[in-house]
Amino acid sequence: MMGLVLDTFTICKRELIKYFRQKPRIIVTMIQPVIWLALMGNTMSKITNNPFASKLFGTGNYLSFMTPGIVIMTSLFSGIFAGTSIIWDRRIGYLDKLLAAPIKRASIPFGKTLSASIQGALQSAIILLFAYILGVRFASGFLGVLVIILISMLFSFIFSGISLILSSTIKTIETLMAIINFMTLPLMFSSTALFPSKAMPDWLSVIAKINPLSYAVNPIRTLTIKGWEFSSILPGVIIILIFDLIVAFLSYYVFKRLTSD
Amino acid sequence: MKEIIKVASLKKTYKNGTEAVKGITFSINEGEIFGFLGPNGAGKTTTIKTIIGLLKPTEGEVFVNGINVKENPFEVRRLIGYASQETGVDDNLTGEENLRIQASLYHIPEKEYLERGMELLKMFGLYERRKDLVSFYSGGMRKRLDIACALIHRPKILFLDEPTLGLDVQTRVTIWDYIVKLRDNHKMTIFLTTHYMEEADELCDRVAIIDHGEIKALDKPGKLKELIGGDIITFTLNYTNAIEEFLTAVKELPTVKDVRKLPRGIFQIIVSQNGDRLIPKIFEISKEKGVEITSIRLKRPTLDDVYLHFTGRRIRDEEATKEDHVRRRIMMRRTRR
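Residue numbers (this note's numbering), protein chains in the order written: chain A, 1 to 261; chain B, 262 to 598.
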């Protein structure tokens, strides 16, 4: 167990050193969600002036509705691209080096996931700060903001795990990219990240109900708009945790058996 | 001598049906430099990867230091160091960071890392450049760093997959020196693969010639060369009447197998071994008989001839999968810089 923790930190450390070294990458990943927030938030900001729409969104400030969506979308992206690092490691021969070392194999997906979650958390923090500057006030206060970041990390754990499991069998970046593209946009638009389920047609709202994105967005939205309303925070968090456990177990299993071919 | 690696009827068939290794058996002694010589696609890398547990054998058993790799791969991994063909160093880290992460993976305490790591960096001539990103390293430096990484936990056995692929001759010789030093100073067992004849010949105590997943021959490089026949001495003479007498005398020398008369006054002596020791004796006889030798040349069989003998062709490039090509291209690009 101790070995697993140490190895996970080592793998994560390597990813983070590389992340913080790539200044342009940091700048872009930081600016991108901010642009989303400014652009989407502004173009749609008048929608909540309509009292009916305002009721649908649950707030008079569309930006407050939007911010949780952007946080989760950013975590989704920072997570789902984690798999590319496995494919790249395989190509440069680094994966073989890891597999030849006496490490707990699960530390490879766990370390990379942890690093993706930390990167996602940094981005979330920036988005939340920017949203604050634009006038969003968090009903649950500063502690609520920390919990929002934590939920976003738990959420990005799911998709980086899925992405890493896929990459353990996929050999080319192109294939992984195709799968990522196939998954992300439908996931985004069939969730309550950008639109309230009440505004959706029935069939879509059914999909939105089983979409893991919705489960992550809902507690964050409650924390942002309503405050500490546990009855609507906990169910989402619990379901995210269940997803986390399933993904952790799967990646443990897959990487334990991973070979070089 | 203790057998440190034992491979018994090892077979590896990939999912696509390629029989990469077709049931090979061999063993490696402790403290030996053992070489696998063969062209690309012969099954060298597959064999290495199966021994260190990166691939699962289809059939057969592998024992490293008495431990069954299939049953206890984790224990085996502690004993071995591995430098892959692709030079698995991380371009976006510095040399020192690469080494430090490797040390952490083997749970080496910080204090020991500092001692060993710096020693290795100095030994491999990378100390001055340790704080530079690996992407600024030359191909030879990368390879040296990769080998240094494989040594940080002081393995008992070092596996080097094509350690000098794509490097220039000078760098290659430097790496040979390191390899010999490791064996001599640390009693390390070294298993390397190569498709360079000179490398197998110069460096290895024993060589296995592998082709199409089978071991065609396995022995000391010298023995392998003897196996296919001895040295050839070619000479020319100024014509005199004493020639026949001279040739008869030469034929009676102990190691001479045959004397052939070729067109244009060229003669060939086939020698079973040590042709170099025969040359002075030939001169003695020529003086006795009053025959003037105008030129003389000794040709010894090379491993290339051995290879040709056992496989029916010279080392060639095999077809590889698309992904192999991508890997190779990436590797060459990284090596050439």
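It is worth saying that the hints were derived from the structure and are not from the lab.
One should not assume that every hint holds.
Below are the EDC-like pairs computed for lysine to aspartate or glutamate, each with C-alpha atoms no more than 16 Å apart in a straight line [said to hold, decoys possible]:
#, chain 1, residue 1, chain 2, residue 2
1, A, Lys-256, B, Glu-332
2, A, Lys-13, B, Asp-466
3, A, Lys-18, B, Glu-463
4, B, Lys-448, B, Asp-438
5, A, Lys-18, B, Asp-393
6, B, Lys-272, A, Asp-261
7, A, Lys-104, B, Glu-336
8, B, Lys-317, A, Asp-261
9, A, Lys-18, B, Glu-505
10, B, Lys-548, B, Glu-505
11, B, Lys-481, B, Glu-463
12, B, Lys-484, B, Asp-466
13, A, Lys-18, B, Glu-336
14, B, Lys-481, B, Asp-566
15, A, Lys-13, B, Glu-358
16, B, Lys-276, A, Glu-15
Straight-line alpha-carbon gap Lys-18 of chain A to Glu-505 of chain B, limit 16 Å: This hinted pair is violated, its Cα atoms lying about 79 Å apart.
Given the hinted pair Lys-317 of chain B and Asp-261 of chain A, is their alpha-carbon gap at most 16 Å? Between Lys-317 of chain B and Asp-261 of chain A the Cα gap is close to 9 Å, so the pair holds against 16 Å.
Does the structure keep Lys-484 of chain B and Asp-466 of chain B at a Cα separation of 16 Å or less? 11 Å, holds
Is Lys-13 of chain A within 16 Å of Asp-466 of chain B, Cα to Cα? 41 Å, violated
Taking only the CA atoms, is the gap from Lys-276 of chain B to Glu-15 of chain A under or equal to 16 Å? 32 Å, violated
Measure nothing beyond the straight line between the CA atoms of Lys-272 of chain B and Asp-261 of chain A; if it is 16 Å or shorter, mark the hint as holding. With Cα atoms ~15 Å apart, Lys-272 of chain B and Asp-261 of chain A stay inside 16 Å; holds.
Does Glu-505 of chain B lie within 16 Å of Lys-548 of chain B when you go C-alpha to C-alpha? 14 Å, holds
Hinted pair Lys-256 of chain A and Glu-332 of chain B, Cα distance within 16 Å: 14 Å, holds
Hinted pair Lys-13 of chain A and Glu-358 of chain B, Cα distance within 16 Å: Roughly 10 Å between the alpha carbons, so the hint for Lys-13 of chain A and Glu-358 of chain B holds.
Hint check: Lys-18 of chain A vs Glu-336 of chain B, CA-CA at most 16 Å. Holds or violated? 30 Å, violated
Does the structure keep Lys-448 of chain B and Asp-438 of chain B at a Cα separation of 16 Å or less? 15 Å, holds
Next pair to validate is Lys-481 of chain B with Glu-463 of chain B; report whether the Cα-Cα distance is within 16 Å. 11 Å, holds
Going through the hint list in order, the structure does not satisfy hints 2, 3, 9, 13, 16.
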